[in-house]
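Colleague: Below are the chains, spelled out letter by letter.
Protein chains: 2
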Amino acid sequence: MSSERLIYLPLGGAGEIGMNAYVYGYGKPGKERLIVVDLGVAFPDMDTSPGVDLIFADISWLKENRDRIEAVFITHAHEDHVGAVAHTYEALKAPIYARSFTANIARRKMEEYGYPEETVQILGPLPHQQGAGPFMVGFLPISHSIPESSSLVIDTPAGRVIHSGDFKIDLTPGVGEPFDAALWTEVCKDGVKALICDSTNVFSPDPGRSEASLGPAIEELVSNAEGMVVATTFASNVARVKTLADAGKKAGRSIVLMGRAMRRMIEAAIETGVLRDFPKVISPEDARAVPRENLMLLVTGSQGERRAASAQLARGKYQGMEMKEGDLFLFSSKTIPGNERDVIRIINQFSEIGVDVVDDSSGKYHVSGHANRPDLETLHDVVKPQVVIPMHGEHRHLREHVKLADTRGYQGVLAVNGMMIDLSGNKPKVAEYIETGRTYIDGSVQIGALDGVVRDRIRMALNGHVTVTVILDEDDEPLGDPWVDLIGLPETGRNNAPLAEVLEEDLSQFMGRAKAATLRDGDKLNEELRRLTRQSALNEIGKKPEVTVVVSRLS
Amino acid sequence: MSSERLIYLPLGGAGEIGMNAYVYGYGKPGKERLIVVDLGVAFPDMDTSPGVDLIFADISWLKENRDRIEAVFITHAHEDHVGAVAHTYEALKAPIYARSFTANIARRKMEEYGYPEETVQILGPLPHQQGAGPFMVGFLPISHSIPESSSLVIDTPAGRVIHSGDFKIDLTPGVGEPFDAALWTEVCKDGVKALICDSTNVFSPDPGRSEASLGPAIEELVSNAEGMVVATTFASNVARVKTLADAGKKAGRSIVLMGRAMRRMIEAAIETGVLRDFPKVISPEDARAVPRENLMLLVTGSQGERRAASAQLARGKYQGMEMKEGDLFLFSSKTIPGNERDVIRIINQFSEIGVDVVDDSSGKYHVSGHANRPDLETLHDVVKPQVVIPMHGEHRHLREHVKLADTRGYQGVLAVNGMMIDLSGNKPKVAEYIETGRTYIDGSVQIGALDGVVRDRIRMALNGHVTVTVILDEDDEPLGDPWVDLIGLPETGRNNAPLAEVLEEDLSQFMGRAKAATLRDGDKLNEELRRLTRQSALNEIGKKPEVTVVVSRLS
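Residue numbers (the UniProt record's numbering), protein chains in the order written: chain C, 1 to 555; chain U, 1 to 555.
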């Protein structure tokens with residue numbers, strides 16, 4: 001059997017934060033049977049992906065090898081791990097396994113796209129296991145900022161592999177299972193071939209703090225507040241939502257959940273039995289009758305998302321509720337890099353209303369859901385793997401995590417998206433490089449990140465757009481003058497001359513002196529008109545717009 | 001003289017960080033003689049101002065009152081205070097006063113636009129003063145992260161006003177003047193009517209640290225480095241550039257300055273006598289002959305700017321220099337909110353090369369140039385003004401600064417851009433609201449932020465663009481079929497049908513059944529074609545593109 005091998009292949013998440021998608025395989029080279037771990041999304045931004053709705057890993061390689069895929073396992077219900085299950089289902093058609101809460105969320109996604117709930121199977125935690133070709137896979141509970149997060153224990157003919165998923169070491173997580181060192185030690189006692197391990201917080205030097213550490217500070221803040229209190233956090237952080245709600249209840253406030261995701265997550269957590277003893281909530285309608293000093297709203301939009309409850313409250317009313325001077329708004333969250341401007345915008349809007357905003361700059365109102373550097377060390381030492389392969393992180397995180405493993409006596413292996421690692425021997429090696437990338441969901445269509453669609457949008461955003469129209473008669477002679485339509489360009493350029501007129505005058509002169517051969521040659525005429533328009537605009541306004549040339553021939 | 005009044009009017013900077021522009025006036029209402037303090041820029045971003053080169057405050061009000069402007073005073077040479085002097089000179093035509101270093105930078109800007117150097121006059125620090133109508137104005141040195149930063153002491157018939165400019169309380173700033181409490185106390189001893197005061201760091205609770213505190217940590221870092229060391233900071237932070245260069249020299253490294261701004265600033269600082277004893281620098285050409293462990297490059301690009309030296313080094317070579325595994329890159333800077341993605345991008349590029357990146361997360365390699373909360377308190381107490389008016393900050397900073405003043409017994413006044421404050425009496429009041437906004441420099445043209453140009457660009461970036469062309473003959477009958485040109489849109493939609501073909505088919509059907517009245521009515525036809533194109537695209541690809549309709553009539 002020496003010709004069979006165990007492979008690990010990250011398709012997304014190993015080179016970025018978000019968009020997690022990992023593959024394990026076992027079998028003869030090129031014929032390994034495969035399992036997929038997580039199918040998550042990343043979020044677009046104006047700088048690199050304007051107009052795009054969602055991003056996930058390019059799964060072309062999986063599509064090509066679809067008949068080799070045994071199953072998909074989802075570690076937890078965060079969007080960057082589960083968000084693409086429905087978008088990729090048609091292409092992969094593999095059974096999806098998840099624990100109860102995660103499955104509840106995944107099934108909601110599948111249902112939106114018309115897939116039946118059986119596409120997602122519920123698998124309980126260890127000792128439950130699921131066979132998948134040569135693999136036996138079990139969910140090993142671990143703490144994180146969402147209920148029922150789990151590592152995967154993947155048993156293979158080449159040994160046991162542990163895929164950590166996202167995690168932190170939390171002994172008092174509030175909702176969900178605490179980190180159980182005894183259980184982990186037991187699972188790992190016979191040796192672990194490889195630990196594939198979360199890396200996002202490798203640069204955070206201090207041990208992570210427990211969810212339970214937040215309660216007293218939040219309670220104090222809420223009980224000292226005089227007006228209405230509004231708090232935001234990721235809706236999926238059910239433990240935090242409960243910590244906040246409990247603080248509100250203690251302060252004698254009625255709890256209101258606002259924003260679709262907030263209601264959905266709490267619903268899923270209650271449905272699946274993950275969440276118990278959540279304070280009674282009242283509807284926004286009923287809240288209007290309650291004095292504002294007796295209210296606490298828990299709302300979506302911790303990242304300043306324009307359509308979320310927090311942003312709508314900052315701009316005015318939302319579901320009949322309105323912030324007023326003397327109210328308190330709490331960000332029980334951290335701002336993800338890239339979202340700073342959006343968050344700052346709503347803080348300033350609240351400031352204009354006279355609302356006091358408290359964020360996590362004091363460190364008292366939020367704890368991270370990921371393992372900091374000392375916590376990574378703890379997990380390494382509990383698992384004692386032959387090899388540590390960092391995943392879920394940008395290149396800088398993976399590289400630092402490899403260094404950390406190496407300095408502490410574990411063999412660290414740097415594997416980025418597309419690197420297929422052969423784990424069979426004692427020294428992992430790169431078996432193959434697979435082409436990877438990003439797929440955009442744009443409206444209802446999937447497009448490749450490098451298809452040029454988004455590049456053209458960015459160019460129009462930077463340079464504006466001119467449509468140039470000319471008509472040629474049956475003899476290829478100009479019929480009338482060329483004209484232009486401008487979008488995203490100044491009306492007037494140098495000397496206050498209207499830009500459209502200047503361009504039309506230059507184009508008209510060109511058409512007047514153009515040779516018959518140029519007028520007959522569609523491509524050449526098109527290119528000349530484009531070039532001239534860009535040059536003429538450059539003279540007038542100092543920039544070269546994007547140009548669409550429309551030549552109509554009456555023939 | 002009771003009918004004369006003293007006014008303060010922020011046009012930019014009071015509601016944002018950047019784009020500083022403040023006006024003071026004295027005289028009969030509506031006829032006050034005016035001085036302008038600072039004419040700075042802000043920087044565009046893809047989210048709100050794609051394609052724009054620079055942003056400055058809308059100076060329409062100043063243009064309308066141009067004959068009332070006596071002079072412009074520039075507090076210091078940061079772009080957000082001096083960056084718009086050349087762009088606004090034609091409109092204002094007022095003499096500009098600055099201290100020597102600031103004037104050197106301002107004159108370089110004026111020269112680029114063809115204005116003579118006399119447009120910027122050099123005014124030494126107090127006791128030098130400049131008369132400007134009813135005002136006598138003097139520069140009072142204060143420490144900041146650029147040489148020769150100064151507050152303005154503005155003497156008016158209604159009393160003395162102090163405009164702090166940007167500042168920190170630094171007793172050992174390295175380059176430039178330390179904060180001189182005795183001098184400040186002397187200047188303020190006869191009472192100060194109003195302190196108009198920097199607010200950017202009001203949320204930073206700890207006292208600011210001195211530039212001098214950085215030297216030892218940077219020296220240790222550089223002397224322990226094994227490969228080449230590259231450090232970046234704002235080029236205008238001449239003291240920091242010197243701190244870095246001194247550390248390099250101590251470690252036996254030759255210093256290389258890279259990036260245009262870096263060479264310019266050091267040149268200006270040496271020319272004006274601000275900078276002395278700067279270590280000898282060598283050119284990039286000569287550096288190639290030096291072993292890399294004996295080199296230290298000081299480069300532009302602390303904010304990850306794509307064209308700056310740091311980003312070019314991260315992508316490959318720059319001026320013949322190349323980063324290699326084992327080299328060290330130091331960000332002796334903080335990342336300005338909104339620039340995180342750009343900075344993280346180059347950190348990851350360095351990580352891929354194997355370069356170790358050190359940033360300021362440890363707090364050891366950078367200090368802020370602005371006054372933290374306790375330092376603001378110090379200045380308040382030194383100046384003991386009748387009124388504190390916070391400036392330079394977002395709304396949240398101004399509001400917090402007002403609260404800080406109020407709780408400590410000073411009268412805080414919240415004034416945002418456009419609020420003209422009457423400072424004459426004992427209680428400042430809003431005299432008038434002036435319309436303010438932002439002017440964009442876009443290529444070589446100035447456009448208003450609300451002209452719709454940028455809005456249209458953003459729409460094209462989000463939605464893509466379709467050009468629809470139809471030709472009508474002399475009888476307003478369609479001549480041939482309509483056709484479309486797509487930019488920034490997927491080629492195929494649902495069921496893999498080519499989007500262009502589907503749109504053309506729908507448009508063709510519409511033209512076939514359109515009534516003669518519709519075909520004759522230009523606006524109506526245009527609107528119908530636009531509406532149909534958007535609806536048809538929505539069905540196919542799930543989004544509505546921007547549409548340019550070109551109807552050609554052969555008449």
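Keep in mind that the hints were calculated from the coordinates and are not lab data. Among the hints, erroneous ones may be present.
Copies of the same chain look alike in the list, so a pair counts if it fits in one copy or across any two.
[Unchecked claim] Within a straight-line C-alpha distance of at most 35 Å, the following computed DSBU-like cross-link-like pairs (lysine-lysine) qualify:
no., residue 1, residue 2
1, Lys427, Lys93
2, Lys364, Lys334
3, Lys109, Lys403
4, Lys193, Lys31
5, Lys250, Lys28
Colleague: All hints, please: hold or fail.
Modeller: Tested hints:
1. Taking the shortest alpha-carbon separations for Lys427 and Lys93, only the intra-copy value of 34 Å comes in at or below 35 Å, while the best inter-copy value is 73 Å.
2. With identical chains, the CA atoms of Lys364 and Lys334 are at most 35 Å apart both within one copy (12 Å) and between copies (23 Å).
3. Proximity of Lys109 to Lys403 under the C-alpha cut-off of 35 Å is found in neither arrangement, the shortest distances being 38 Å within a copy and 47 Å between copies.
4. In this assembly of identical chains, Lys193 and Lys31 lie within 35 Å of each other by CA distance solely inside one copy; the values are 21 Å within and 83 Å between copies.
5. Proximity of Lys250 and Lys28 under a CA criterion of 35 Å is satisfied in neither setting, with 61 Å inside one chain copy and 59 Å between copies.
When the structure is compared with the earlier hints, violations turn up for hints 3 and 5 and for no others.
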